[in-house]
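*Asks:* One letter stands for each residue in the lines below.
Number of protein chains: 2
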Amino acid sequence: MTYQAPVKDMLFVLNHLAGLPEVAALPGFEEATPDTAQAVLEESARFAGDVLAPLNHPADLEPSAWHDGAVATAPGFKQAFRQYAEAGWQGMTHPVEYGGQGLPGLIGSPCSEMLNAANLSFALCPLLTNGAIEALMTAGSPELRKRYIGPMITGQWTGTMNLTEPQAGSDLAMIRSRAQPVGDGTYRISGTKIFITYGEHDLAENIVHLVLARLPDAPEGVKGISLFLVPKFLVNEDGTLGARNDVQCVSIEHKLGIKASPTATLQFGDAGGALGYLVGQENRGLDAMFIMMNAARYAVGVQGIAIADRAYQHALAYAAERVQSRPVDGSSRDAVPIIQHPDVRRMLGTMRALTEAGRALAYVTAGHADLAHASPDGEARKRHLAVQEFLVPIVKGWCTEMSIDVASLGVQVHGGMGFIEETGAAQYYRDARILTIYEGTTAIQANDLVGRKTLRDGGAVARALLAEVRQTEEALEASAHPAASLMLAPLRRAGSALSDAVDFILANAASHPNAVFGAAVPYLLLAGTTLAGWQMARALLSSVAHRGDDPAFHDAKIATAQCYALHKLSQAPGLAAVVLGAKDYAVQP
Amino acid sequence: MTYQAPVKDMLFVLNHLAGLPEVAALPGFEEATPDTAQAVLEESARFAGDVLAPLNHPADLEPSAWHDGAVATAPGFKQAFRQYAEAGWQGMTHPVEYGGQGLPGLIGSPCSEMLNAANLSFALCPLLTNGAIEALMTAGSPELRKRYIGPMITGQWTGTMNLTEPQAGSDLAMIRSRAQPVGDGTYRISGTKIFITYGEHDLAENIVHLVLARLPDAPEGVKGISLFLVPKFLVNEDGTLGARNDVQCVSIEHKLGIKASPTATLQFGDAGGALGYLVGQENRGLDAMFIMMNAARYAVGVQGIAIADRAYQHALAYAAERVQSRPVDGSSRDAVPIIQHPDVRRMLGTMRALTEAGRALAYVTAGHADLAHASPDGEARKRHLAVQEFLVPIVKGWCTEMSIDVASLGVQVHGGMGFIEETGAAQYYRDARILTIYEGTTAIQANDLVGRKTLRDGGAVARALLAEVRQTEEALEASAHPAASLMLAPLRRAGSALSDAVDFILANAASHPNAVFGAAVPYLLLAGTTLAGWQMARALLSSVAHRGDDPAFHDAKIATAQCYALHKLSQAPGLAAVVLGAKDYAVQP
Chain A
1 MTYQAPVKDM
11 LFVLNHLAGL
21 PEVAALPGFE
31 EATPDTAQAV
41 LEESARFAGD
51 VLAPLNHPAD
61 LEPSAWHDGA
71 VATAPGFKQA
81 FRQYAEAGWQ
91 GMTHPVEYGG
101 QGLPGLIGSP
111 CSEMLNAANL
121 SFALCPLLTN
131 GAIEALMTAG
141 SPELRKRYIG
151 PMITGQWTGT
161 MNLTEPQAGS
171 DLAMIRSRAQ
181 PVGDGTYRIS
191 GTKIFITYGE
201 HDLAENIVHL
211 VLARLPDAPE
221 GVKGISLFLV
231 PKFLVNEDGT
241 LGARNDVQCV
251 SIEHKLGIKA
261 SPTATLQFGD
271 AGGALGYLVG
281 QENRGLDAMF
291 IMMNAARYAV
301 GVQGIAIADR
311 AYQHALAYAA
321 ERVQSRPVDG
331 SSRDAVPIIQ
341 HPDVRRMLGT
351 MRALTEAGRA
361 LAYVTAGHAD
371 LAHASPDGEA
381 RKRHLAVQEF
391 LVPIVKGWCT
401 EMSIDVASLG
411 VQVHGGMGFI
421 EETGAAQYYR
431 DARILTIYEG
441 TTAIQANDLV
451 GRKTLRDGGA
461 VARALLAEVR
471 QTEEALEASA
481 HPAASLMLAP
491 LRRAGSALSD
501 AVDFILANAA
511 SHPNAVFGAA
521 VPYLLLAGTT
531 LAGWQMARAL
541 LSSVAHRGDD
551 PAFHDAKIAT
561 AQCYALHKLS
571 QAPGLAAVVL
581 GAKDYAVQP
Chain B
1 MTYQAPVKDM
11 LFVLNHLAGL
21 PEVAALPGFE
31 EATPDTAQAV
41 LEESARFAGD
51 VLAPLNHPAD
61 LEPSAWHDGA
71 VATAPGFKQA
81 FRQYAEAGWQ
91 GMTHPVEYGG
101 QGLPGLIGSP
111 CSEMLNAANL
121 SFALCPLLTN
131 GAIEALMTAG
141 SPELRKRYIG
151 PMITGQWTGT
161 MNLTEPQAGS
171 DLAMIRSRAQ
181 PVGDGTYRIS
191 GTKIFITYGE
201 HDLAENIVHL
211 VLARLPDAPE
221 GVKGISLFLV
231 PKFLVNEDGT
241 LGARNDVQCV
251 SIEHKLGIKA
261 SPTATLQFGD
271 AGGALGYLVG
281 QENRGLDAMF
291 IMMNAARYAV
301 GVQGIAIADR
311 AYQHALAYAA
321 ERVQSRPVDG
331 SSRDAVPIIQ
341 HPDVRRMLGT
351 MRALTEAGRA
361 LAYVTAGHAD
371 LAHASPDGEA
381 RKRHLAVQEF
391 LVPIVKGWCT
401 EMSIDVASLG
411 VQVHGGMGFI
421 EETGAAQYYR
431 DARILTIYEG
441 TTAIQANDLV
451 GRKTLRDGGA
461 VARALLAEVR
471 QTEEALEASA
481 HPAASLMLAP
491 LRRAGSALSD
501 AVDFILANAA
511 SHPNAVFGAA
521 VPYLLLAGTT
531 LAGWQMARAL
541 LSSVAHRGDD
551 PAFHDAKIAT
561 AQCYALHKLS
571 QAPGLAAVVL
581 GAKDYAVQP
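Chains as they are written, first to last, in UniProt numbering: chain A, 1 to 589; chain B, 1 to 589.
What the hints contain is simulated information worked out from the structure, not anything from laboratory work.
Keep in mind that the hints are not guaranteed to be accurate.
[To be verified] Sample of chain B residues at the chain A side, in silico, Cβ under 10 Å:
no.: 1; residue: Ala335
no.: 2; residue: Met347
no.: 3; residue: His414
no.: 4; residue: Gly418
no.: 5; residue: Tyr429
no.: 6; residue: Leu488
no.: 7; residue: Pro490
no.: 8; residue: Gly518
[To be verified] Simulated restraints on C-beta separations:
no.: 9; chain 1: B; residue 1: Gln4; chain 2: A; residue 2: Ala552; range: 50 to 60 Å
no.: 10; chain 1: A; residue 1: Phe290; chain 2: B; residue 2: Arg463; range: 54 to 64 Å
no.: 11; chain 1: A; residue 1: Asp171; chain 2: B; residue 2: Arg463; range: 27 to 37 Å
The C-beta atom is built at its ideal place from N, Cα and C for all residues, glycine as well.
Using the sequences plus the hints, can you model the full thing?
*Replies:* In structure tokens, the structure reads:
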């Protein structure tokens, strides 16, 4: 049940696929050299493996518990969070002026993966805090930024996102929480929020809630929602803590997984209204919340990769050890470790290939985000931003859907032992199941991909990416390596399948919206399958080129790319068939 | 959280697809008319819905508990089991001479589905008892049959299968439990058995364990294993219970799902050896155990359909009720029940289509089993037996794999509520996860399908079934109904894909065993996808023909067949690509 971060693969992706050298050439990121990246990743790997990973399974057995409004987190979480904070991890990618280290998100991504692989429940607290920092950084007033961001970066305080209400899940238009102006620039917030991750806990001195609510006479729907900062404890001018605010944790949920992460129901305003501060403009709360959500959506995609890798490592260790049955090829008269059996190899190979492909896709997206943020060239910023925005729903949707499949395969590799909770494999299967739901379900991601990311620009970004896929196809064609030609045919078919799907969506969205949105999830899965496969093809080419540096590593990479091509890329035409048939075939719910 | 058995669909499958009229024409099954079937199914539906279904979720929260060697089952289980026994359900398909009702397995299958849909944990006890009855019926001596079968049929006693040991899971060759002949025809059994479903409980007076063990000087491997009947309480000549036998339940497992079904570790022979009776011949224990296992494998496939249907019904009810977001086609300015959203329709439609396709495939298999058992024509018996044996691993493997997908979709339909245990959707996701593991993992089923069912007869049965698929294609081609032509193309591609895979397996098994067995699971999934799709095509044709009888029912069936074609049958060529590429592509575990 240990976890060893795949630092070598991570660095390979950073350096050869995701453009770390280009990012390190950006103004402000000069320190993000490959050497720095390696040092940071190795330190992060130690913390994740030594401190967080051992707490993961015990915390599932003895999860966070609510008592009388307070939440006691799982054993060891408090001390681990202290270590996390003191080592400065929370500030890694945040600006130096606020006490952060100003490293690019591209280096932050593997560290986030490690944190989540080691302990998904624990990692949610920093994940949400990051989102709150981002939102304040972008939309908060100078006073709010000054008073609240610093203590969140040091880990003294943490942050939350308060969107969901009992009647308002995916549909934020239905939010009913209220904000009453006091007259002095502050507001009194009241209402009930549910599913608030780390909405209450004992890891930090204060909790900075970012809360969506409506002003009196605000327009109906999403155009009447404002964002407020509501601290658990009020903060004095000098930054010290004052009185308890009017927000109470009335319960936490009994969940399928991530049991150590407290999911709170928060009651605001039972005693006259919680004091809140407007973030951004009135009625424009969703703008700021979307910043937070986009950061969080990408981060949840990385959680998918993380849990997939953890499940893979767990299953791999078991398969190397468990002896059962003679090999089908007659190569031994004795029973052998099950890793030698073809179907176990298929399962582990698929788990590995999906994980590595997801990782490459996500880090490539992070590279675009850094370039979109920091490139000195305005045109380049725009271009990278468009690609990043196209890829975020795919990273979120595809990497989380695949994580459920991978975690399920991990249970299967263990046979009967996989179903016993003590083994630990079942926890990943349970934990992973939230990932396709929170921060926007797969359908929400898919609708975003269809609507805002494909239709709005007439398929321009989609086609630009497909043109890049074709360049990789040409490079595969030019390569003399036999693995390159094995990769070529499935990549070409997948690229062509995705291209057909894009055309279908553009042609039919206006006339047949139900068919197109009914095919949105298959379209997202097709895009993910193809674009992650494209990264594996790029990885293959890079490994062929650099094989001499580390033959064992690169040979494994070349084989993993083939495994992806056989087991996953081959499914792309079938997904396109679903999209293209959506207009003609009936659906019977 | 109620369950309403889909009696109408079940009867449609029995009468129009699975050959109930032919079965009712067999000697001994004269009473199995469509009217009897309907009456039995309706009564079974009442029992399942009224008595068992309400116990399912509470039993998950308060599962079976071990104390000092005894197991207390979940609240209400004892009384429900009494009702089950007194109504005669356990004996439904067993011979009249032993106190059963002698109905065909074809009528037993839907009743078994209902039982499992209502309460999977409960239903495991009758499922295992059925297996024990089958094994004794086939291999037990007249004395053992006389003494043990009757009380199992009345539900006074229950039965178990004792195969697994800590070092012997899929690999029965590694069994170490010992049987020492006493000299009077009985044996003393010692050893440890794990994962014994209902190995200890309080539902019945006695438990009849069927135990695999080795005689002294037995050959190594599977050819040295014998089967023994080891009762929990010894049975006197007059059938009354005597002393407690030397078998103890030392613990039960803490599992991911089916928590109310006690999974026991049994210790045999700590006090000198448990008294056991040989079943069948010495060293031929696997022959009898395989009878039991084949019955159980089919039954587990039905469990997959059952849990899929329960998950579907649960999600459907939620989707009809939960209001969220406006429709994408602009047909309403208000938020609507989510069942109106295209992706929710896709998910529910897929769940329904997979469930109904699995049901049809399974019941068709049961029809072959009845014909194999009771046909007066020896050639016909042989032919149906071969088809049944080909289909059993597919029913087990495919229906259980799909049940995990369906249960996972069920969670997804619920959004965040799906992750909260109180909702109930998560229980199906946890419960379903055992189905691809016990009674032989999907890989074990796939190896059986490749080795004993495809290679051994040179692909004869596979090709005979494919010829029948082509007949259905011709019927679709001949039909003027537009849905028939939509079904034709995907069915034809799937049939051709399966045909290619069969050819590949036959051509390469000897020369490339690792590649072929590494493709065994994709082959099984391809076979299931295609053959279940074939049943949906047959259903479509039948519904077109009988539409006038019940237009709403048949229109839904025709739409469901299309949904299956679009979302599942379309994936068959991709699965074939995996099989056909197995020789060329590397695998990197």
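*Asks:* Indicate, hint by hint, whether the structure satisfies it.
*Replies:* We went through each hint and held it up to the structure:
no.	hint	verdict
1	Ala335	holds (6 Å)
2	Met347	holds (8 Å)
3	His414	holds (9 Å)
4	Gly418	holds (7 Å)
5	Tyr429	holds (7 Å)
6	Leu488	violated (13 Å)
7	Pro490	holds (8 Å)
8	Gly518	holds (3 Å)
9	B:Gln4 - A:Ala552: 50 to 60 Å	holds (58 Å)
10	A:Phe290 - B:Arg463: 54 to 64 Å	holds (57 Å)
11	A:Asp171 - B:Arg463: 27 to 37 Å	violated (53 Å)
Of the hints listed earlier, those the structure fails to meet are numbers 6 and 11, in rising order.
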